[in-house]
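Residue numbers (our numbering), protein chains in the order written: chain A, 803 to 1094; chain B, 65 to 457.
Don't read these hints as lab results, they were simulated from the structure. Do not take every clue at face value.
Unchecked claim - From the derived model, a few chain A residues whose C-beta atoms are all more than 10 Å from chain B: (1) ALA838; (2) ARG987; (3) ARG1016.
Unchecked claim - Below 25 Å or equal to it, Euclidean Cα-Cα: the simulated SDA-like pairs (lysine to any residue) are: (4) LYS1026/A / ALA89/B; (5) LYS1026/A / LYS399/B; (6) LYS1026/A / LYS283/B; (7) LYS283/B / ALA89/B; (8) LYS1026/A / ALA1063/A; (9) LYS399/B / ILE447/B; (10) LYS1026/A / GLU193/B.
Unchecked claim - Selected chain B positions facing chain A (Cβ under 10 Å, derived; list incomplete): (11) MET85; (12) GLN163; (13) PRO222; (14) SER225; (15) VAL245; (16) ASN310; (17) LEU341; (18) HIS342; (19) GLY343.
Nothing here was measured: the structure is a model prediction, and the numbers come from that model. Built from N, CA and C at the ideal position, the CB exists for glycine as well.
Take a look at the letters that make up each chain.
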Amino acid sequence: MTEVGHRYRAAFAASAERGDGPLLFPFLAAGFPTPAETPDLVRAALRGGAAGFEIGVPFSDPLADGPVHQDAYNVALAAGATLETALDAVRVARAESPDAPLTLMGYLNPFLACGPAGLDGGAGDPGSAVGEPLEALARRASEADVDGVIIVDLPVDESDAAREVLAEHGISLIYLLAPTSTEERIDAVARQASGFIYLLSLTGVTGARDQIARDLATFVGRVKARTDTPLAVGFGISRREHVLQVGEMVPAAIIGSALTATIASAPPDGRTAAVERYLEVVTGRRSETTGE
Amino acid sequence: MSRESGAFGPFGGQFAPETLMPALAELDDAWAEAQADPAFAANLDAMLRDYVGRETPLTHAERLSEQLGGAQIWLKREDLAHTGAHKINNALGQVLLAQRMGKPRIIAETGAGQHGVATATACARFGIECVVYMGEEDVRRQALNVFRMNLLGAEVVPVTSGARTLKDAINESIRDWVTNVRNTHYLIGSAIGPHPYPVIVRELQSCIGREAKDQLQEKIGRLPDVAIACVGGGSNAIGLFHPLINDPVRLIGVEAAGEGLDARHAATLSAGAPGVLHGTRTYVLQDEHGQITEAHSISAGLDYPGVGPEHAWLMLTERAEYVSVTDDEALDGLKLLSETEGIIPALETAHAIAYAAKIAPSMSSDEVILLGLSGRGDKDVEIVRDALAARER
């Protein structure tokens, strides 16, 4: 088995060498608007310049997401999306792009539902108890060649068993840090991180914002002072100028709600074209002002 | 007092977004400091006595016991607390805690509106800004409670996501908290959520069990044989059970079986599976893919697809039993208590009465059932009238 996090390392190293950063990892809600369309949207994003993906696993109760992703998940679930839809998206991306880092992003409960109840002996603490149910997720994700998993509601404090079981299958547990994270928490994440660390640009839920948070540089500086793990910034990024600003600070940017909104507002037969075009704009392959 | 970890065996924990973790640590610290500060307890006790009206009475339900022809049933009268339910015990305690932390803004979720009214009440008493999230469907069903909260100076925000009920109101409260965590305290209404909430809420509600135990001792010189309470999130039940955990008392939690366990219901422990919802590992109503399913109960206060993690632990360790009662049986329970004792209970409480009525006849007349009468039924009379009328047809 290959080493945990190898595709992330290779992608960040190659990007640094090219000097054309930051890498853009779009977030794509699996199954939105329908599971059947997800493969074509993945291919369109890759054509547009996606360096990898966060593939969102739909959940009925996404408590850290704003209205755009809430709606997208509801639509996806109504259309029959499951974890398998997300794994299919990973397989499509992997077939197109053997080296792209591919990350699943979701909430704990649908991941736990892959496996058994996790009540063996009734012993242990809650963080340890999720290890057993997550084993099944790790196996399925590994078979699809997933590089990492982001679990929004699994903070570092409860993550030991989850991280170990994922690592046994060659998968990184990708941690999140927020502007409210203390130095102590940053250190705890830095000790365990592999792949990259996902920095939330702001204190709030997902959703496009007009401007990058003013205190982002301070936050990024606090984290950089305590780790060498590559950082990616997400939440609130929607425009080329945001990507460039973020690129001054970190080697990767994540775009979520703005891409979802692009899909939602495109005509049904124009969704793949809209995704490709939007990615071209935010990666700088196409000029934003002229649209050409 | 040593600090609790928040783990109830494999249940509980802190499954919260990173943004909230420092606030949960701050809350845990503030709670530990408050527990160690005699002034906090003195202040809270004075408020509970002079404002809430504690201790609440313990009433011997003589006619009910006689009619059922078995065990003697004693009612712990939380319906007589200010605002008409046990919810005020927790709301007041947490408002005092928020004051200690210097948080000028309080948010809360509410289903039927009881916790929202209790929170708005406590915030009014201390002049704190209060925002209550309530599912749009519940806003419609409980218009009078919305007006009550407005009278108390709270802002009620209708929640339009999901099924527009309690679960969605909690999601929206958490989203607000993620956004405004630096100046806001989330005053969660049941013994659910990430640590330290299940511990804080249980401790603030334990006055129910402590008082009842003392009162029963004083009146009949003994412990109850059985303690019964309804369970949605489970705050009144854990408040009644916890002081009795080391005593030889059978503990029974009664969940809402709604239209039946094979139809729409809210019996999380009876028919759910382990999972993670709203920051805690517990039993959850969910489908095979881990998506949370809608709960249903005639009682809005029990209409929740999760349950407090300590109840999950008490069930796993077989220290407590969890049973369920249908909408129909609860209606009968409500009528029974109204007609025999002149007490119209909340529909939530009616579930506990219905189950007590099932087991009391097979018990002897010198055995004792302690029943947590969690709230009064004024809020439910319209729903009850409609439901009884529908049953007549």
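(request) Sort out whether GLU193/B lies within 25 Å of LYS1026/A, counting only the CA atoms. (result) 38 Å, violated
(request) Below or equal to 25 Å on CA atoms is what counts here, so check LYS1026/A against ALA1063/A. (result) Roughly 32 Å separates the two Cα atoms, so the pair is violated.
(request) Sort out whether ILE447/B lies within 25 Å of LYS399/B, counting only the CA atoms. (result) 13 Å, holds
(request) Grab the minimum C-beta distance from SER225/B to chain A and call the hint holds if it beats 10 Å, violated otherwise. (result) Result: holds, 5 Å to nearest chain A Cβ.
(message) Tell me if the straight-line CA distance from LYS283/B to ALA89/B falls inside 25 Å.
(response) Since the Cα atoms of LYS283/B and ALA89/B sit roughly 42 Å apart, the hinted pair is violated (cutoff 25 Å).
(message) Checking hints one by one. Is LEU341/B an interface residue toward chain A, by the C-beta closer than 10 Å rule?
(response) Result: holds, 7 Å to nearest chain A Cβ.
(request) Against chain A, run the beta carbon of ASN310/B and see if the smallest gap drops under 10 Å. (result) 19 Å, violated
(message) Hint validation: HIS342/B versus chain A, beta carbon distance must be below 10 Å. Holds or violated?
(response) Holds - the Cβ of HIS342/B comes within 10 Å of chain A, reaching about 7 Å at its closest.
(message) A cut-off of 10 Å on Cβ-Cβ distance, and ALA838/A was said to be off the interface with chain B. Does that hold?
(response) 18 Å, holds
(message) Given a cut of 10 Å on the nearest C-beta pair, is the interface hint for PRO222/B held or broken against chain A?
(response) Constraint on PRO222/B not satisfied, violated at 14 Å.
(message) Check whether the Cα positions of LYS1026/A and LYS399/B lie no farther apart than 25 Å.
(response) Since the Cα atoms of LYS1026/A and LYS399/B sit roughly 65 Å apart, the hinted pair is violated (cutoff 25 Å).
(request) Could you check if MET85/B really has its C-beta closer than 10 Å to a C-beta on chain A? (result) Hint holds; MET85/B Cβ to chain A Cβ min 5 Å, cut 10 Å.
Checked against the numbered hints above, the structure breaks hints 2, 5, 6, 7, 8, 10, 12, 13 and 16 and satisfies the rest.
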